[in-house]
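Number of protein chains: 2
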Amino acid sequence: MERAVVLLSGGLDSATCLAWARAQGFACHTLAVDYGQRHRVELEAARRVARALGALEHREVAVDLRAFGGSALTAAIAVPKDRAASEMGRGIPATYVPARNTVLLALALAWAETLGATEIVAGMNAVDFSGYPDCRPEFVRAFESLARLATRAGAEGAELRVHAPLMQLDKAGIIRLGAALGADYSLTHSCYDPDEGGGACGRCDACVLRAQGFREAGIPDPTRYAAGVTPAGSR
Amino acid sequence: MERAVVLLSGGLDSATCLAWARAQGFACHTLAVDYGQRHRVELEAARRVARALGALEHREVAVDLRAFGGSALTAAIAVPKDRAASEMGRGIPATYVPARNTVLLALALAWAETLGATEIVAGMNAVDFSGYPDCRPEFVRAFESLARLATRAGAEGAELRVHAPLMQLDKAGIIRLGAALGADYSLTHSCYDPDEGGGACGRCDACVLRAQGFREAGIPDPTRYAAGVTPAGSR
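Just so you know, the sequences run in chain order R and V. Using my numbering, you'd call the opening residue of the first sequence number 1 and step up by one each time. Using my numbering, you'd call the opening residue of the second sequence number 1001 and step up by one each time.
It should be emphasised that the hints constitute simulated quantities derived from the structure, not laboratory data. C-beta: ideal position from N, C-alpha, C; glycine also. A portion of the hints provided could be inaccurate.
Said to hold, decoys possible - Pulled a few chain R residues facing chain V out of the computed Cβ check, cut under 7 angstroms:
id	residue
1	102
2	114
3	155
Unchecked claim - Here are the in silico distance ranges between beta carbons for each label pair:
id	chain 1	residue 1	chain 2	residue 2	range
4	V	1040	R	218	38 to 44 angstroms
5	R	137	V	1196	48 to 54 angstroms
6	R	181	V	1158	52 to 58 angstroms
7	V	1044	R	27	19 to 25 angstroms
8	V	1116	R	1	41 to 47 angstroms
9	R	27	V	1082	54 to 60 angstroms
Said to hold, decoys possible - Away from chain V, derived, C-beta distances all over 12 angstroms, residues of chain R:
id	residue
10	47
11	98
12	186
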């Protein structure tokens, strides 16, 4: 059985990745990276998801990307609200974290090397996040090439693989895939700007895409919204 | 003037990199990564070196690679002692930190992107560290390719460059280069296993290579050794 490190953010996409990795028959080790994000409720969601989907082991590693600033997710820049899904693909949004996926995959690679894992699974997606350079297929292939050169296992001939099973799916497609593979989305958290109890704002890009995805997939939305919030798109 | 992020460990090699980057005319921002290494005295050395060589700004970022274990530098595995330099090139030593250079360069890239820096400078070396897969020229080229795909600047056409000016130099060559460019090696720290006051052990691979380098370069060794230690090679 191949060993895999699965990056788990606590959101809907990475929960789907874990369900997919389990369905491949991989022995799954899940990794949550605390990079100083505002929405720390995500880390708790990641633990719940790992447990529910039978990860062998879940670890958290902290790296304080706030040291570099530059993103609405880690710095005091306003999270964009009330944008239509069609607006989000244009340019690189303020929620982009500099080199985030490079840092996340590097950390996954470090653990994979220690574990002797040959598979890395992550939720990069070129459809809904078309404005992020590090969500493109060519980025994933470049990281895979790097991983084979960077590690002891790769230097000794192991074929390290980086899987991005959501790459070409839209949000509805991701939700259909995960639901079919047993992901429980009520355990996940997507909102960029939750209230203190973790209730979703319903208005940031992540909330808008998520609500639209459930609608289009024809699957009931289990998201817990903040008091008084009307989910985006249902207005 | 090009802006550069220079990775600074506090050791001799990265001090030489900073002296080299300054000589290129780069505006230098130095980054020390605290990855949970035993030899925390390195972080203090990095601050001294940054100041002495006129870095515009020095930052530290913490990422706890001890979460993954697997190396004598971060876990409870004995640091090898009293090995001849000729033994060190064989296989991958116990002091290898899984995917370390991938993680360090990813963090440098994150800061570079925030700064709008197009140059990254790091001390990878294929001669003295021939057992480390992530110290080879092909690793550096693969990271450069990745960096151009991974970032907003790269996606918009910027030519990000990763410089490894020490790649083909032996330790004596590195010391000659840095000395010619004004690096003050009395400020640096190389030992993998220092005493509490930061005195060098004289016996780990880093001490052995460093002492031999000064001898071969014909430059006086300013290393401060722990009490009672006879520097390697002078016995």
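Now the hints, each set against the structure:
no., hint, in the structure
1, 102, "holds, 4 angstroms"
2, 114, "holds, 4 angstroms"
3, 155, "holds, 4 angstroms"
4, V:1040 / R:218: 38 to 44 angstroms, "violated, 56 angstroms"
5, R:137 / V:1196: 48 to 54 angstroms, "holds, 51 angstroms"
6, R:181 / V:1158: 52 to 58 angstroms, "violated, 40 angstroms"
7, V:1044 / R:27: 19 to 25 angstroms, "violated, 42 angstroms"
8, V:1116 / R:1: 41 to 47 angstroms, "holds, 45 angstroms"
9, R:27 / V:1082: 54 to 60 angstroms, "violated, 40 angstroms"
10, 47, "holds, 15 angstroms"
11, 98, "violated, 4 angstroms"
12, 186, "holds, 29 angstroms"
The structure fails to meet hints 4, 6, 7, 9, 11 from the earlier list, while all remaining hints are met.
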